[in-house]
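Enquirer: Please work from the sequences and hints to get the whole structure.
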Amino acid sequence: MAVKTVIEAIREGMDEEMARDESVFLIGEDVGNRGGVFLASDGLYKKYGELRVIDSPLAESCIVGVAIGAAVNGMRPIAEIQFADFIAPAMNQIIEEAARFSYRTAGDFNLPMVIRAPWGGGVHGALYHSQSIEATFSHIPGLKVVAPGTPADAKGLLKAAIRDPDPVLYLEHKRTYRLVKGEVPDGDRVVPIGKADLKRVGTDLSLIAYGLMLTYCLEAAEKLAADGVSAEVLDLRTIKPIDQAAIVATARKTGKVLVVHEDNRFAGIAAEVMAIIMENAFDALDAPVMRLTGPDVPAMPFNHVLEDAFMPNVEKILAKAKELAAY
Amino acid sequence: MASVKMPQLGESITEGTIARWLKQPGDQVKKYEGLVEVITDKVNAEVPAPLAGILKEIKVKEGTTVTVGTEIAVIEESVPATAAPPTPRSPKEGGEVAIAAPAAAPQSVPSVPAGEGQGEGPESRTRLSPAVRALIEEHRISDAELSGITGSGIAGRISKKDIEDFVAKRAQPATANGEQRQATAPAAATAAPTPGTTIPLSPMRRAIATNMLKSKQTIPHAWTVAEVDMTSVVRFRQKAKDGFKLREGIDLTFVPIIVKAVVEGLKAVPVLNASWSEQGVVLHKDINIGVAVSVDDGLIVPVVHQADRMSISGLAKAIDDLAKRARAGKLGIPDVQGGTFTVNNPGTFGTILSYSIIAPPQAGILAMDAIVKRPVVVEGDAIAVRSMMNLCLSFDHRVLDGVSAARFLQGVRRWLEGFSEQVPLY
Numbered sequence: 000m001a002v003k004t005v006i007e008a009i010r011e012g013m014d015e016e017m018a019r020d021e022s023v024f025l026i027g028e029d030v031g032n033r034g035g036v037f038l039a040s041d042g043l044y045k046k047y048g049e050l051r052v053i054d055s056p057l058a059e060s061c062i063v064g065v066a067i068g069a070a071v072n073g074m075r076p077i078a079e080i081q082f083a084d085f086i087a088p089a090m091n092q093i094i095e096e097a098a099r100f101s102y103r104t105a106g107d108f109n110l111p112m113v114i115r116a117p118w119g120g121g122v123h124g125a126l127y128h129s130q131s132i133e134a135t136f137s138h139i140p141g142l143k144v145v146a147p148g149t150p151a152d153a154k155g156l157l158k159a160a161i162r163d164p165d166p167v168l169y170l171e172h173k174r175t176y177r178l179v180k181g182e183v184p185d186g187d188r189v190v191p192i193g194k195a196d197l198k199r200v201g202t203d204l205s206l207i208a209y210g211l212m213l214t215y216c217l218e219a220a221e222k223l224a225a226d227g228v229s230a231e232v233l234d235l236r237t238i239k240p241i242d243q244a245a246i247v248a249t250a251r252k253t254g255k256v257l258v259v260h261e262d263n264r265f266a267g268i269a270a271e272v273m274a275i276i277m278e279n280a281f282d283a284l285d286a287p288v289m290r291l292t293g294p295d296v297p298a299m300p301f302n303h304v305l306e307d308a309f310m311p312n313v314e315k316i317l318a319k320a321k322e323l324a325a326y
Numbered sequence: 000m001a002s003v004k005m006p007q008l009g010e011s012i013t014e015g016t017i018a019r020w021l022k023q024p025g026d027q028v029k030k031y032e033g034l035v036e037v038i039t040d041k042v043n044a045e046v047p048a049p050l051a052g053i054l055k056e057i058k059v060k061e062g063t064t065v066t067v068g069t070e071i072a073v074i075e076e077s078v079p080a081t082a083a084p085p086t087p088r089s090p091k092e093g094g095e096v097a098i099a100a101p102a103a104a105p106q107s108v109p110s111v112p113a114g115e116g117q118g119e120g121p122e123s124r125t126r127l128s129p130a131v132r133a134l135i136e137e138h139r140i141s142d143a144e145l146s147g148i149t150g151s152g153i154a155g156r157i158s159k160k161d162i163e164d165f166v167a168k169r170a171q172p173a174t175a176n177g178e179q180r181q182a183t184a185p186a187a188a189t190a191a192p193t194p195g196t197t198i199p200l201s202p203m204r205r206a207i208a209t210n211m212l213k214s215k216q217t218i219p220h221a222w223t224v225a226e227v228d229m230t231s232v233v234r235f236r237q238k239a240k241d242g243f244k245l246r247e248g249i250d251l252t253f254v255p256i257i258v259k260a261v262v263e264g265l266k267a268v269p270v271l272n273a274s275w276s277e278q279g280v281v282l283h284k285d286i287n288i289g290v291a292v293s294v295d296d297g298l299i300v301p302v303v304h305q306a307d308r309m310s311i312s313g314l315a316k317a318i319d320d321l322a323k324r325a326r327a328g329k330l331g332i333p334d335v336q337g338g339t340f341t342v343n344n345p346g347t348f349g350t351i352l353s354y355s356i357i358a359p360p361q362a363g364i365l366a367m368d369a370i371v372k373r374p375v376v377v378e379g380d381a382i383a384v385r386s387m388m389n390l391c392l393s394f395d396h397r398v399l400d401g402v403s404a405a406r407f408l409q410g411v412r413r414w415l416e417g418f419s420e421q422v423p424l425y
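Those sequence lines, one after another, are chains A and B.
So the first sequence is numbered by numbering that gives the first Met the number 0: it starts at 0 and just counts up by one.
So the second sequence is numbered by numbering that gives the first Met the number 0: it starts at 0 and just counts up by one.
Because the hints were derived from the structure by calculation, they are not lab data.
Given the structure is predicted, the values throughout are model-derived calculations rather than measurements.
Take these hints with a grain of salt, some might be off.
[Unchecked claim] As a list, the in silico BS3-like pairs of lysine-lysine whose alpha-carbon atoms are at most 25 angstroms apart:
no., chain 1, residue 1, chain 2, residue 2
1, A, Lys-222, B, Lys-160
2, B, Lys-323, A, Lys-222
3, A, Lys-321, B, Lys-284
4, B, Lys-213, A, Lys-319
[Claimed, not checked] Chain B residues, not near chain A, derived (Cβ > 10 angstroms throughout):
no., residue
5, Gln-23
6, Ser-158
7, Pro-219
8, Thr-252
9, Trp-275
10, Leu-282
[What the hints assert, rightly or not] Pair ranges (Cβ atoms, derived):
no., chain 1, residue 1, chain 2, residue 2, range
11, B, Leu-200, A, Pro-140, 55 to 61 angstroms
12, A, Glu-221, B, Lys-168, 26 to 32 angstroms
13, A, Glu-221, B, Ser-419, 49 to 55 angstroms
14, A, Glu-218, B, Lys-168, 19 to 25 angstroms
C-beta: ideal position from N, C-alpha, C; glycine also.
Expert: Take a look at the structure:
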């Protein structure tokens with residue numbers, strides 16, 4: 000085991016899968032010679048050549064459309080959207096085609112493809128480089144959505160996504176790329192899609208999060224422990240299909256749950272998690288299920304102060320968790 | 000109108016009992032003037048008025064216990080520079096109405112909030128979460144038992160934890176009774192026990208119960224005893240006590256001498272002046288010695304802060320002052336907080352071996368047992384009459400091991416046995 004960053008884990012995951020399976024290839028803007036704007040594919044162009052690491056035109060509809068065509072023909076494409084914010088031009092390909100292809104063909108065809116999209120704020124990226132898109136795509140049946148928060152999960156879930164027979168939207172949080180470091184197990188370790196992970200065990204309340212917010216929740220839990228509050232942290236890892244059993248188990252255990260995400264509040268993932276808890280763990284609740292989310296404003300602001308106001312952070316989580324603990 | 004709330008009179012204090020109202024409705028109060036006396040688990044305190052004005056209403060009667068944050072009184076702020084009473088109605092409505100209104104207002108105003116105030120507490124207490132309801136059902140908690148549970152949540156809400164704590168507490172005497180019943184089964188079969196009297200739990204009794212239970216449930220106690228030859232100390236005290244009384248106005252007891260010895264022992268073995276935490280053993284910089292004082296309905300442990308900076312006479316004065324104030328109910332919050340080690344003196348009642356319970360988060364407590372004259376084999380295999388005392392140490396075995404505990408006791412013993420007139424008293 001070695002300590003790696005999230006971006007290193009993603010690069011390694013792609014490299015290993017491309018070496019293992021010749022049908023795996025990467026397509027996206029600047030992924031080739033440039034190695035991707037975040038250097039996720041650094042070195043892969045040299046190693047696997049221009050036929051397997053393809054620089055696309057600046058057209059997301061093309062990137063995803065090519066990937067769909069290739070997947071139908073037995074390839075396993077990885078389509079990189081440079082920033083999740085730019086995914087809108089490919090909405091038609093993703094929702095109308097990719098998500099429904101298997102259903103439309105009664106299972107005769109399936110699309111083993113991955114769409115990688117760097118998402119999230121806290122990087123001073125403003126309107127076009129900071130958005131969260133998980134709620135939008137999780138609403139679409141036929142799509143799987145994963146959002147790892149640690150290097151080990153980033154690599155393991157990428158492998159699972161590439162090997163999955165269906166389209167998977169793989170969300171990698173930009174802020175975690177070089178911020179979050181962790182042990183990555185050696186060898187071919189696949190993290191199954193649809194399984195949440197209890198990152199910290201506690202008894203008084205549960206924090207449920209994914210992506211960057213996982214790191215913040217773990218920090219908050221550490222501080223809560225110093226105040227005598229034992230917080231459990233559940234990392235969803237996969238947003239869809241969501242791990243209902245794990246959510247219900249932690250809710251039943253502590254009776255107090257706070258869901259945290261930076262995506263907008265209305266109809267966000269927290270709302271879904273809260274509904275699952277109300278449907279399945281109502282009789283074990285000791286407090287209203289709470290959520291801490293980004294606000295319902297059009298986009299992440301550029302102004303530093305406003306960006307901080309938008310983003311949930313450790314202090315905000317701590318304050319909300321204390322409110323929950325005191326209930 | 001400003002509401003006065005039950006203040007938090009120290010960390011971990013969750014409720015307070017109104018002892019005495021120092022002002023009555025209608026009285027003028029100055030800012031910071033004493034408004035009410037409050038009894039808590041730990042101390043009695045006078046709560047000052049948060050602002051100047053007229054005490055409009057007392058919401059909590061004397062003798063009633065309420066949780067921190069509960070509204071206890073309403074003060075009408077005094078409005079500066081308004082000599083004449085404000086006219087509540089517009090002049091259009093005529094003189095009669097304008098006169099009637101202020102007369103009626105003072106009567107009607109108190110009755111409405113009084114009703115609200117009574118309803119507020121019980122309602123938030125009875126609004127039980129599903130988890131709490133399930134636990135009540137599971138553990139067959141009666142309404143009477145429920146009303147005895149102190150809610151630790153917002154506005155006194157009973158939380159899941161409160162119920163779990165209650166169930167844990169309730170289980171203890173029940174098991175003990177169960178065993179007892181088994182042992183005396185034949186007798187019990189013939190005669191049902193006559194019901195006894197229940198003494199209501201005072202805040203202090205309850206606090207002692209909670210702390211002792213917590214200590215025994217969380218701290219793995221270990222216990223060890225050292226036998227100390229106190230002959231030198233006894234002789235010294237005999238000689239010095241009259242002069243001391245004359246000079247200081249208080250009696251020279253054994254307690255400050257033992258506390259001094261304990262301070263020396265803790266300096267040599269700092270790991271006993273410490274606290275357990277999941278992050279590690281916290282070594283305390285200050286040596287703050289709690290001295291157990293028995294009071295009317297229980298026990299209180301005021302703290303001599305920075306005892307390592309005091310002479311024996313300084314310790315004697317500090318302990319005497321704390322004990323007097325403890326018995327008079329005049330201790331302040333700082334007087335009972337921050338202890339790092341405790342000394343207990345059951346020996347005055349003639350005990351010879353005492354197994355004290357540690358006061359969390361401290362790591363140890365030392366009991367002084369009775370000093371008794373006994374035949375002892377001394378150097379040269381002679382038998383001599385010596386004044387002997389047992390020092391019993393309970394310690395948190397998570398924090399330290401028997402070796403350190405024994406080293407501490409040995410240090411204390413050597414210091415006491417080596418006592419001479421050269422040891423400075425002042």
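Enquirer: A separate judgement is required for each hint: does it hold in the structure or not?
Expert: Do the hints match the structure? See the list:
no. : hint                                       : result
1   : A/Lys-222 to B/Lys-160                     : 21 angstroms, holds
2   : B/Lys-323 to A/Lys-222                     : 41 angstroms, violated
3   : A/Lys-321 to B/Lys-284                     : 30 angstroms, violated
4   : B/Lys-213 to A/Lys-319                     : 28 angstroms, violated
5   : Gln-23                                     : 34 angstroms, holds
6   : Ser-158                                    : 6 angstroms, violated
7   : Pro-219                                    : 20 angstroms, holds
8   : Thr-252                                    : 38 angstroms, holds
9   : Trp-275                                    : 13 angstroms, holds
10  : Leu-282                                    : 17 angstroms, holds
11  : B/Leu-200 to A/Pro-140: 55 to 61 angstroms : 59 angstroms, holds
12  : A/Glu-221 to B/Lys-168: 26 to 32 angstroms : 31 angstroms, holds
13  : A/Glu-221 to B/Ser-419: 49 to 55 angstroms : 53 angstroms, holds
14  : A/Glu-218 to B/Lys-168: 19 to 25 angstroms : 35 angstroms, violated
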